[in-house]
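Using the sequences provided together with the hints, build the complete structure.
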Amino acid sequence: MGTLTEDVVQETVTEVDLSASSVRDLNAALHAEPEGSTAGYRVVHPEGKHSLAVGLNRPVTVTIDGHVGYYAAGMNQLATVEIDGNAGVGVAENMMSGTVLVHGDASQAAGATAHGGLLVVDGNAAARCGISMKGVDIVVGGNVGHMSGFMAQAGRLVVCGDAGDALGDSIYEARIYVKGTVKSLGADCVAKEMRPEHLDELTRLLEAAGRDDDPAAFTRYGSARTLYNFHVDNASAY
Amino acid sequence: MCGIAGLHLRDAALQPQLGSLLQTMLCQAAERGTDAAGVGLYGDPSLNPAGRATVCVIESPLAAAEAVAGVERALGQPVQGRASGQTTVFTAAVDPALLETAVRTALPGAVVTSRGENLAVLKGTGHPDDLATTFRLADAGGYQGVAHTRMATESAVTSTGSHPYSVGPDQCMVHNGSFANHATIRRELMAEGIEFDSQNDTEVGARFVAKQLAEGADVEKALRLLCERFDGFYTLLVATENSFAVVRDAIACKPAVVAETDQWVAMASEYRYLTGLPGVENARIFEPEPEVVYAWER
Numbered sequence: 001m002g003t004l005t006e007d008v009v010q011e012t013v014t015e016v017d018l019s020a021s022s023v024r025d026l027n028a029a030l031h032a033e034p035e036g037s038t039a040g041y042r043v044v045h046p047e048g049k050h051s052l053a054v055g056l057n058r059p060v061t062v063t064i065d066g067h068v069g070y071y072a073a074g075m076n077q078l079a080t081v082e083i084d085g086n087a088g089v090g091v092a093e094n095m096m097s098g099t100v101l102v103h104g105d106a107s108q109a110a111g112a113t114a115h116g117g118l119l120v121v122d123g124n125a126a127a128r129c130g131i132s133m134k135g136v137d138i139v140v141g142g143n144v145g146h147m148s149g150f151m152a153q154a155g156r157l158v159v160c161g162d163a164g165d166a167l168g169d170s171i172y173e174a175r176i177y178v179k180g181t182v183k184s185l186g187a188d189c190v191a192k193e194m195r196p197e198h199l200d201e202l203t204r205l206l207e208a209a210g211r212d213d214d215p216a217a218f219t220r221y222g223s224a225r226t227l228y229n230f231h232v233d234n235a236s237a238y
Numbered sequence: 001m002c003g004i005a006g007l008h009l010r011d012a013a014l015q016p017q018l019g020s021l022l023q024t025m026l027c028q029a030a031e032r033g034t035d036a037a038g039v040g041l042y043g044d045p046s047l048n049p050a051g052r053a054t055v056c057v058i059e060s061p062l063a064a065a066e067a068v069a070g071v072e073r074a075l076g077q078p079v080q081g082r083a084s085g086q087t088t089v090f091t092a093a094v095d096p097a098l099l100e101t102a103v104r105t106a107l108p109g110a111v112v113t114s115r116g117e118n119l120a121v122l123k124g125t126g127h128p129d130d131l132a133t134t135f136r137l138a139d140a141g142g143y144q145g146v147a148h149t150r151m152a153t154e155s156a157v158t159s160t161g162s163h164p165y166s167v168g169p170d171q172c173m174v175h176n177g178s179f180a181n182h183a184t185i186r187r188e189l190m191a192e193g194i195e196f197d198s199q200n201d202t203e204v205g206a207r208f209v210a211k212q213l214a215e216g217a218d219v220e221k222a223l224r225l226l227c228e229r230f231d232g233f234y235t236l237l238v239a240t241e242n243s244f245a246v247v248r249d250a251i252a253c254k255p256a257v258v259a260e261t262d263q264w265v266a267m268a269s270e271y272r273y274l275t276g277l278p279g280v281e282n283a284r285i286f287e288p289e290p291e292v293v294y295a296w297e298r
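Going down the list, the sequences are from chains A and B.
Going by the working numbering, the first sequence opens with residue 1, and the numbers climb by one from there.
Going by the working numbering, the second sequence opens with residue 1, and the numbers climb by one from there.
Hints are computed from structural coordinates only; laboratory data are not their basis.
These numbers come from a predicted model, not from an experiment.
Take the hints with a grain of salt, since some may be wrong.
To be verified - In silico DSBU-like pairs for lysine-lysine, Cα to Cα no more than 30 angstroms straight-line:
no.	chain 1	residue 1	chain 2	residue 2
1	A	K134	B	K221
2	B	K221	B	K211
3	B	K221	A	K183
As structure tokens, then:
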């Protein structure tokens with residue numbers, strides 16, 4: 001019997017040290033990856049710099065070792081960006097697909113206007129998490145700040161901690177799941193029944209985020225759909 | 001858009017480095033505003049020598065040497081002075097109020113930017129990097145400092161429009177944002193006899209806080225009252241002789257991050273200003289909640 005040899009794919013990881021290279025160099029290298037590239041990058045000394053790993057459109061993997069500034073992984077398509085630290089304003093804003101993982105806290109407007117993909121924040125997310133989200137899935141391990149899910153149009157926002165004031169204000173068809181308390185609900189946002197399909201999708205989202213929270217402990221929130229069309233009796237609610 | 005940075009030292013061993021640490025923070029903040037900049041330094045041994053009052057002015061009608069001679073004549077006591085760019089700093093072994101009166105007498109038209117026994121405010125128009133050099137910031141020490149870079153919105157680019165605003169003894173405020181109802185509150189304060197040095201909205205906030213402090217409120221209460229009275233956008237950093245406080249408006253529109261270690265408390269508009277601080281990688285980092293006053297005491 002011959003010896004079984006396994007094909008080991010030797011993934012090379014390119015290290016970029018931002019104390020020596022510029023953010024532009026990093027992003028240019030990532031943008032230069034050929035179609036279908038699954039190259040790995042490791043970014044060290046990010047030191048809170050803005051616009052790291054933005055506009056990616058290849059299935060590359062970028063690991064950032066430290067805290068990042070504004071708009072990290074913005075406009076992401078296909079790529080996996082893992083931030084081993086805190087993220088500044090607008091992490092994964094306008095993401096289209098792919099995965100963004102933040103192992104620390106995220107600042108305001110995490111996942112703003114994002115159309116697709118998965119954003120996971122292990123810690124807390126500040127105000128306006130998922131503002132105007134258009135199809136992204138966001139899972140926050142901790143709390144979210146005020147006005148999260150403001151005008152959220154599509155996608156799912158999962159909050160394993162508590163939500164701040166005015167959750168889901170003027171929400172459209174996004175679904176919000178909160179395990180903890182909600183300080184207050186925004187205009188036209190109401191608690192809704194957890195049907196089996198909601199437990200199913202929440203189970204899948206928690207799994208995708210690597211969490212073991214009990215889906216049954218969450219409450220679903222969504223639109224009461226009373227503000228979709230202008231009605232004079234609702235004028236004060238706008 | 002403006003940039004704010006502040007550092008409150010708990011570990012006295014870091015005091016000689018206050019200025020150099022603050023300079024790193026200020027220069028990072030320059031990307032949020034290059035119209036003007038300023039710093040408020042507490043406890044620098046040369047700006048605030050023990051047992052002496054310090055008064056700082058901008059727009060002095062006289063060069064520093066002549067100004068010192070004039071203030072000395074008005075005070076009838078020895079006065080030391082130095083030019084720090086657009087700011088002139090006077091110290092004398094008298095009560096701060098006496099030195100302030102002498103400065104106002106000797107230098108009509110000058111604007112007093114700080115008075116007290118622990119604080120010196122150095123400010124002016126221009127690029128923050130250049131101003132930091134004129135402030136000799138890298139050489140400064142002390143127990144706490146605040147810094148501001150300005151992108152002017154609510155009033156003109158003038159030295160009186162630059163921050164910090166210090167309108168009460170050893171008090172200091174920097175602001176990112178804009179107050180919407182500052183003209184109304186200015187008129188109310190003026191009706192009570194309060195005088196203003198500039199057209200700037202932040203000065204109204206500083207005068208309001210100084211009035212509350214003078215009437216017996218502590219910093220926390222003064223800032224809660226400000227939240228009730230002022231509309232608009234604000235992240236404020238307020239320092240007094242023995243406190244360091246942060247507050248944001250109800251919407252928390254303007255950025256703010258706080259980092260805390262056993263050695264120091266720091267506040268900044270963006271995390272990257274903090275990356276030069278010793279031990280920042282192990283700091284407790286958080287964003288201040290809207291309308292919650294965070295205050296640290298010495």
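Hints and how they fare:
{"no.": "1", "hint": "A:K134 - B:K221", "verdict": "violated, 41 angstroms"}
{"no.": "2", "hint": "B:K221 - B:K211", "verdict": "holds, 12 angstroms"}
{"no.": "3", "hint": "B:K221 - A:K183", "verdict": "holds, 24 angstroms"}
This entry does not satisfy hint 1, going by the numbered hints stated previously; all others are met.
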